[in-house]
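Just so you know, the sequences run in chain order A and B. Sequence positions in the first sequence follow my numbering and run 1 to 235. Sequence positions in the second sequence follow my numbering and run 1 to 235.
FYI, nobody ran anything at the bench for these hints, they're computed from the structure. Honestly, I wouldn't trust all of these hints.
Said to hold, decoys possible - Straight-line distance between alpha carbons at most 25 Å, and here's what the computed BS3-like set of lysine-lysine pairs gives:
id: 1; chain 1: B; residue 1: 235; chain 2: A; residue 2: 66
id: 2; chain 1: A; residue 1: 235; chain 2: B; residue 2: 235
id: 3; chain 1: B; residue 1: 67; chain 2: B; residue 2: 37
id: 4; chain 1: B; residue 1: 66; chain 2: A; residue 2: 67
id: 5; chain 1: B; residue 1: 139; chain 2: A; residue 2: 66
id: 6; chain 1: A; residue 1: 66; chain 2: B; residue 2: 47
id: 7; chain 1: A; residue 1: 47; chain 2: A; residue 2: 37
id: 8; chain 1: A; residue 1: 97; chain 2: B; residue 2: 235
id: 9; chain 1: B; residue 1: 66; chain 2: A; residue 2: 47
id: 10; chain 1: A; residue 1: 67; chain 2: B; residue 2: 67
id: 11; chain 1: B; residue 1: 235; chain 2: B; residue 2: 139
id: 12; chain 1: A; residue 1: 97; chain 2: A; residue 2: 66
id: 13; chain 1: A; residue 1: 235; chain 2: B; residue 2: 47
id: 14; chain 1: A; residue 1: 47; chain 2: A; residue 2: 67
Protein chains: 2
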Amino acid sequence: MSQSPWQPISPAKPARPPKEPLNRERIVDAALRMMVKQGYEAVSMRKVAQELQTGPASLYAHVANKKELDQLLVDRAAETMNLPWPPDPERWQEQLKDAMREMLRAMRAMPGVARAAIGEVPLGEAAMRSTECLLGILKAGGLSDQAAAWAVDLIPLYVTAVAFEETVQGAAEWSPEDVERFVGELRTFFTSLPADRFPLTVALAGALTSGADGDERFEFGIAVITAGLAALASK
Amino acid sequence: MSQSPWQPISPAKPARPPKEPLNRERIVDAALRMMVKQGYEAVSMRKVAQELQTGPASLYAHVANKKELDQLLVDRAAETMNLPWPPDPERWQEQLKDAMREMLRAMRAMPGVARAAIGEVPLGEAAMRSTECLLGILKAGGLSDQAAAWAVDLIPLYVTAVAFEETVQGAAEWSPEDVERFVGELRTFFTSLPADRFPLTVALAGALTSGADGDERFEFGIAVITAGLAALASK
DNA sequence: GTGCTGCGTCGAACGGTGTTCGTTGTCGAA
DNA sequence: TTCGACAACGAACACCGTTCGACGCAGCAC
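Given the sequences, and given the hints that come with them, work out the whole structure.
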């Protein structure tokens with residue numbers, strides 16, 4: 001039978017779905033798109049499935065569960081980090097700071113990835129590469145094996161916690177004015193505390209609420225950690 | 001009509017509930033009991049209501065939402081901390097470490113509270129008292145106002161992240177054997193990585209997986225932070 | 001060519017979650 | 001005695017992660 005000029009009432013192949021088959025990569029791609037645009041909470045198995053025009057059950061043939069999907073997203077973020085290499089004993093402190101800045105940059109670029117990463121040891125390939133890199137820098141700094149190992153636990157913990165805090169406060173996208181309003185309210189809360197019981201909090205209200213928007217606070221944190229490691233290394 | 005000797009078909013007062021009225025304190029008490037026994041995930045508005053023999057809607061007359069309940073639980077934990085006082089410029093580093101140890105102890109005593117605290121600035125009365133105390137110690141250490149303010153953000157961030165990591169890994173109660181098995185698997189994973197691409201990770205597999213059970217890792221962290229703050233203070 | 005078998009797909013359902021709505025019952029003030 | 005305010009709460013809404021079981025199709029053995 002040749003093709004009729006009219007639309008066939010019941011098409012020979014009833015809308016044979018021309019969609020290419022599902023796979024891990026397509027799932028992670030879709031989840032990543034959604035997370036970048038709408039944050040961690042917006043990524044559910046159902047919504048990812050919907051984005052791929054299928055049902056939630058289909059995902060489980062390629063991904064063990066939500067936690068594994070989270071880990072895959074974290075590793076995607078880790079892939080985008082380009083960390084200082086090779087380690088240079090002369091500049092290890094600056095390299096360490098650069099590495100931490102780069103980790104934060106990567107997490108900020110994918111809002112929600114910090115939420116996915118927190119409290120889970122990331123064991124993906126890219127994450128392991130960053131671990132190896134950090135170990136190199138720390139050993140170049142003269143830290144003992146044990147100190148380097150614990151530091152490599154401490155450092156991502158701090159960076160992830162900072163990134164997480166940022167994306168929770170701005171869970172829904174906050175405009176700069178929203179942030180300013182929030183900080184202002186916080187400051188008036190601090191200054192309105194009873195000065196006899198909270199003298200320092202009242203006095204330092206300004207300092208306590210500064211640097212919430214920019215990178216100064218994070219720079220302070222990485223300065224503390226780097227200086228602390230340096231002090232322990234030279235002992 | 002006087003009382004009939006028989007059970008009235010429809011009792012005059014249908015089992016007038018003799019339960020005392022709900023209030024914030026009873027709700028927080030119940031939630032705390034459940035969280036200590038079964039962890040953060042076990043505390044849902046429904047389960048708390050069930051524990052109090054009522055429906056979930058009843059709670060909302062006393063608590064704005066789950067997040068507020070979480071904050072109340074965090075503040076309960078903060079109440080149990082007794083932090084070093086008064087600040088002593090001669091011993092501020094030791095006082096700071098003691099304060100961090102005490103914060104971790106309090107969070108460990110209430111598994112799940114770290115999960116409730118993470119990513120939210122705790123503003124309850126007890127939490128503010130601990131902030132005030134930390135500020136005192138840090139100012140005694142000679143830190144600038146701004147440095148003290150940022151440090152008071154960094155310190156709970158670290159302690160909370162450590163406590164959270166601990167309670168996530170052992171979400172369901174893990175026996176010591178379970179922990180050991182998990183650590184063993186992690187170590188074999190590290191050692192089985194390709195040695196050409198991950199030489200340090202393979203070599204330091206032992207160090208990377210040590211101290212997961214005890215306090216050594218945490219002690220290392222607070223040593224780094226204290227040393228870093230001391231270095232910045234003396235500049 | 002035929003039949004079978006294994007696997008990816010996926011609609012439906014299960015048991016949970018936080019939260020809201022609208023009714024009910026009680027109690028204190030007028 | 002009436003009224004109004006408000007705590008209590010059953011039911012429902014819109015979600016969530018995950019599992020079950022039916023279905024259809026590809027590749028292989030015969």
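Hint check:
{"no.": "1", "hint": "B:235 x A:66", "verdict": "47 Å, violated"}
{"no.": "2", "hint": "A:235 x B:235", "verdict": "19 Å, holds"}
{"no.": "3", "hint": "B:67 x B:37", "verdict": "20 Å, holds"}
{"no.": "4", "hint": "B:66 x A:67", "verdict": "23 Å, holds"}
{"no.": "5", "hint": "B:139 x A:66", "verdict": "45 Å, violated"}
{"no.": "6", "hint": "A:66 x B:47", "verdict": "24 Å, holds"}
{"no.": "7", "hint": "A:47 x A:37", "verdict": "13 Å, holds"}
{"no.": "8", "hint": "A:97 x B:235", "verdict": "19 Å, holds"}
{"no.": "9", "hint": "B:66 x A:47", "verdict": "24 Å, holds"}
{"no.": "10", "hint": "A:67 x B:67", "verdict": "23 Å, holds"}
{"no.": "11", "hint": "B:235 x B:139", "verdict": "14 Å, holds"}
{"no.": "12", "hint": "A:97 x A:66", "verdict": "32 Å, violated"}
{"no.": "13", "hint": "A:235 x B:47", "verdict": "52 Å, violated"}
{"no.": "14", "hint": "A:47 x A:67", "verdict": "15 Å, holds"}
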